[in-house]
Amino acid sequence: MKLYKKEGNILQVLSFPNESAEKGDYLLVEDSEAGKALIVQVIDVQFASVPGVLEELLRSLPDGGEVVQGEDFDPLEIAPHITYIQDASLLVCKIRATVENDNLSPSSPWLPSRSQSAIKKLSVPTLLKLARVDGKLPIVLGGTKDASLLTIDASALDGGLNIISGKKGTGKSHLSKLLMLNLVGYKATVVVFDLNGEYLSLGMTGDGKRNGYYDKVHVLAPGQNFKVALKQLNLHVVLGILVHALHLPGTSAREFRRVWKSLQEKDMLTLHNLGEAIRDWNCNQHVRDALASRFYALVNSGFFTDNVAEAAALEDCIFKAKEHGGAVVVNLRNTGAIDRQIVVEYVLGKLVELLTAWKLKAAFLFAEEAHLYLRETYWDDIVTRMRHLGIFTTFVTNQPDTIKENIYRQADNIFLFNFTNEHDLDVVSRAARVDVETVKSIARDLAPHYCLVLGRVVRDFPMVAKVKALDVKTMGETRLFFGEAA
Amino acid sequence: MDTILPRRFIETSLQSLTCSQVKTIQLNQQDFQQAFNIESHTQAARFRMPPISLKPRLAETTVAAVDTSTMKIGETSSGILLAVRGTTVWRQNRNYRYTRLGPFIFHITEENKQEVYISLEKAYFDSPLCKNNYGSPSLLQMPTRIACLLERWLQLMLAKTLNEGIVLLDGSLTAGTPDTPIHFLKDILSAARSRGSTVLAFSKMTTLRVNGRLITDLPFEHKPPFLIGMDGLKSKPPTVLLGDVYVAKLAHGNYAFRLDIDREVIFEHRIWSIEKLLVNDALSQGYPETLRLAHILCTFTANEVIAMQHFAVRRHGFRLVSRPDMHSVLFGPFSRGEVCS
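Chains as they are written, first to last, in my numbering: chain A, 208 to 693; chain B, 20 to 360.
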């Protein structure tokens with residue numbers, strides 16, 4: 208390989224057919240005289256602009272599009288040399304760092320010698336070692352192209368905001384489960400908003416037996432084993448549900464506050480009493496109607512109960528998870544749109560309450576297709592206030608434009624699967640920790656289950672890995688009419 | 020088929036590369052792929068009027084053409100590295116096919132040029148009586164002289180193997196030059212005649228003039244395809260014209276070409292041959308496609324030149340050195356005209 212050109216932080220390297228390098232590979236451009244080296248990543252592979260190639264191609268097709276047949280007597284065997292030159296490729300590389308005395312610096316203010324620099328491939332383990340991507344809490348994400356393992360540290364997910372995105376069927380949920388189970392393995396508390404019921408059987412192996420996570424995965428189905436008694440609720444949680452999920456106007460919310468406090472003072476907070484109180488409350492008829500309609504929405508959700516015995520699920524599960532590590536999976540599969548928002552409002556409100564009271568140190572939240580249940584104002588809340596309280600969110604989506612731009616800008620880690628749509632790639636490339644060229648070039652060519660990892664977990668050295676298989680019972684597969692026979 | 024010459028090409032090529040002591044090559048700054056035609060005629064030419072109208076003659080005939088290319092691919096301190104390649108193309112049953120020989124790479128120095136040339140020439144002239152009397156060429160002439168040897172050998176092989184066909188040559192039928200001794204060309208023409216084939220030589224460029232104007236540039240009012248014979252052409256000794264010269268305009272458009280036809284072929288056969296050519300080959304811009312393909316297939320592309328330099332470096336230990344082009348250094352942007360001239 209030969210150094211050809213440098214423009215900004217793009218380096219062009221000439222590579223010959225026997226020196227295979229692909230998108231995503233890392234190269235070390237070593238200038239021994241300068242005592243420094245550049246770490247660059249191949250973001251595109253192009254044909255080298257070899258003079259005469261066009262003529263070569265044209266003369267093989269001069270007969271109205273038909274190839275002229277013939278024999279070549281090439282006694283000196285020049286043809287392999289011609290092919291060798293013709294197949295030379297140009298590796299467009301992004302400069303990632305400078306190595307000097309085994310220390311990495313992200314800048315590259317120097318220019319390596321074009322004639323003297325030696326260029327060689329940099330294996331992932333060597334790079335990980337150089338970048339000091341190690342730690343005490345390893346999570347093996349999968350295998351890299353050079354048959355080594357890509358291991359990240361769980362602590363790099365701690366306190367961060369993560370995004371897992373990619374086209375349908377590329378393996379997003381699989382990675383999300385892998386991260387989640389590893390976090391649970393390190394005794395973390397994880398809460399999952401499971402929109403499609405994909406996380407329900409994480410405690411089972413592929414053949415249906417119990418695995419090591421069986422006792423650590425707590426599935427809560429709203430309206431079934433997950434109900435809430437009004438007595439357990441804080442007023443601000445209920446108001447959150449009414450205002451944000453059920454769109455109760457401000458005047459009516461003020462009136463509700465009075466009704467709630469009145470019942471609370473009398474220790475009469477039940478659904479029945481709340482209904483009665485709204486009906487008999489002395490207020491404007493429109494306000495009463497508004498309160499009544501919201502009350503019936505709460506009742507019809509089936510999520511609220513007067514029976515305290517069946518209503519302690521969430522807190523119990525969280526405390527169990529807190530002790531030994533565990534995941535609380537909130538199954539939203541069979542929940543309607545409004546009820547889903549009610550449940551999410553409640554769970555998030557409860558989490559904030561527990562974190563504020565220091566009953567819980569921190570929690571990792573996995574939110575699949577969050578735009579379907581997360582209200583507008585929560586996006587900002589999640590990256591600012593909730594993050595400081597200790598809710599570290601991982602958004603999982605196949606529609607990257609549903610996540611707000613400021614979320615991308617503040618994302619600490621991005622796990623990107625294949626995207627071919629230019630618009631989707633544009634959206635993802637807004638993230639502060641990635642560059643547009645890398646995302647557009649590499650993500651477009653990722654095979655299913657291959658993930659481009661960007662951000663803190665890889666010390667800002669974008670890496671591609673095939674996400675390793677999990678021996679858990681898969682759920683949430685798309686139901687097919689024709690099945691496999693088709 | 021006599022394969023002594025190509026075998027000798029391989030041996031001599033390898034020997035010249037292997038025996039070389041100087042292993043540093045400077046990248047080439049100028050090249051020449053095609054030999055220039057030497058036209059040594061007294062300029063008293065005139066047209067034989069009226070033009071001969073041609074009618075396509077429907078008779079299945081094989082059309083074959085030969086062309087060679089040579090290129091200096093680098094300079095060493097003691098000589099030059101040159102490459103030679105030859106191509107034969109023929110059209111049969113509406114399909115074009117080709118045979119390409121080479122490239123052969125030679126390292127020619129003042130010391131070995133005589134040995135190389137004599138060795139190749141000897142392979143061509145197996146009879147000592149037929150020896151070329153011009154001696155070994157200068158270093159600068161070596162590329163074209165070696166290419167000419169290969170070209171004449173390819174033409175001879177074609178003439179000896181093609182039955183009742185049309186043999187197309189690039190250039191004229193002028194012999195007696197250092198590149199083309201008379202018996203070279205005579206052998207080719209007689210071999211073709213003995214098999215019922217006709218040799219037609221097309222010149223892309225000519226210096227022949229009538230009334231001060233190039234013969235191919237004159238405005239002809241006759242409707243193509245037609246031929247106009249030329250009279251009054253006398254070659255300067257020692258050159259000999261072995262063909263009759265015509266201006267051929269075989270298709271509509273602006274282009275006419277000098278066409279030499281074997282003088283020993285009777286007039287009717289000459290006309291029939293051209294009329295058969297009209298049917299059996301594509302004539303884009305009045306130039307036979309077979310000949311055009313022969314040229315295209317033997318020409319070296321820039322990519323091939325790099326590959327041959329790569330071969331010299333990898334296989335024979337030459338080292339590429341890019342010395343500054345003195346024209347560019349001295350004359351800057353004004354150097355271009357000088358290089359081209």
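Because the hints were derived from the structure by calculation, they are not lab data. Hints should not be assumed to be uniformly reliable.
Unchecked claim - Each computed DSS-like pair below joins lysine-lysine, with the alpha-carbon atoms no more than 30 angstroms apart:
#1 A/Lys327 x A/Lys209
#2 A/Lys209 x A/Lys343
#3 A/Lys557 x A/Lys611
#4 A/Lys212 x B/Lys179
#5 A/Lys209 x B/Lys91
#6 A/Lys394 x A/Lys527
Stated by the list, open to error - Pairwise CB distance ranges (calculated):
#7 A/Phe280 x B/Arg338: 25 to 31 angstroms
#8 B/Ser97 x A/Lys209: 48 to 54 angstroms
#9 B/Phe353 x A/Pro258: 42 to 48 angstroms
#10 A/Pro224 x B/Ile285: 55 to 61 angstroms
#11 B/Phe353 x A/Asp652: 45 to 51 angstroms
#12 A/Lys209 x B/Pro257: 23 to 29 angstroms
#13 A/Ser239 x B/Glu130: 39 to 45 angstroms
#14 A/Val347 x B/Arg333: 41 to 47 angstroms
#15 A/Leu264 x B/Arg76: 32 to 38 angstroms
#16 A/Arg266 x B/Gly215: 56 to 62 angstroms
#17 A/Glu262 x B/Ile285: 37 to 43 angstroms
#18 A/Ser256 x B/Ile137: 20 to 26 angstroms
#19 B/Ile29 x A/Ser322: 21 to 27 angstroms
#20 A/Pro258 x B/Ile29: 26 to 32 angstroms
Claimed, not checked - Here are some chain B residues the structure puts well away from chain A; computed CB gaps all over 12 angstroms:
#21 Leu77
#22 Ser254
#23 Pro257
#24 Ala270
#25 His335
Being a predicted model, the structure only gives us computed values, none of them experimental. Don't be surprised by glycine CBs; every beta carbon is placed ideally from N, CA and C.
Original post:
Hey, lysine 394 of chain A versus lysine 527 of chain A, does the alpha-carbon distance stay inside 30 angstroms?
Top reply: holds, 11 angstroms
Original post:
Quick one, are lysine 212 of chain A and lysine 179 of chain B close enough, alpha carbons at most 30 angstroms?
Top reply: Violated, at about 55 angstroms.
**OP:** Can you let me know if the beta-carbon spacing of phenylalanine 353 of chain B and aspartate 652 of chain A is within 45 to 51 angstroms?
**Re:** Given a distance of about 49 angstroms, which is inside 45 to 51 angstroms, the answer is holds.
Subject >> C-beta pair glutamate 262 of chain A, isoleucine 285 of chain B: status relative to the range 37 to 43 angstroms that was hinted >> reply: Holds, since glutamate 262 of chain A and isoleucine 285 of chain B (Cβ atoms, about 42 angstroms apart) stay within the stated range.
Original post:
Can the restraint linking lysine 209 of chain A and lysine 91 of chain B be considered satisfied, given a maximum Cα separation of 30 angstroms?
Top reply: Holds, because 26 angstroms separates the two Cα atoms, which is no more than 30 angstroms.
Subject >> Status of the given 42 to 48 angstroms range, CB of proline 258 of chain A versus CB of phenylalanine 353 of chain B >> reply: violated, 24 angstroms
Subject >> Assertion that serine 254 of chain B lies outside the chain A interface [Cβ separation over 12 angstroms] >> reply: holds, 35 angstroms
Original post:
Okay, lysine 209 of chain A versus proline 257 of chain B on CB: inside 23 to 29 angstroms?
Top reply: For lysine 209 of chain A and proline 257 of chain B the Cβ distance comes to about 53 angstroms; the hint is violated.
Subject >> lysine 209 of chain A paired with lysine 343 of chain A [C-alpha distance capped at 30 angstroms] >> reply: violated, 39 angstroms
**OP:** Just tell me: holds or violated, for the beta carbon distance of valine 347 of chain A and arginine 333 of chain B against 41 to 47 angstroms?
**Re:** 43 angstroms Cβ-Cβ, so the 41 to 47 angstroms window holds.
**OP:** Examine each Cβ of chain A, and state whether all of them lie more than 12 angstroms from the Cβ of leucine 77 of chain B.
**Re:** holds, 21 angstroms
Subject >> Hint check for glycine 215 of chain B and arginine 266 of chain A - Cβ pair distance inside 56 to 62 angstroms >> reply: Because 32 angstroms falls outside the window, the suggested range is violated.
Consistency with the previously given hints fails for numbers 2, 4, 8, 9, 12, 16, 18, 19 and 25, ordered from lowest to highest.
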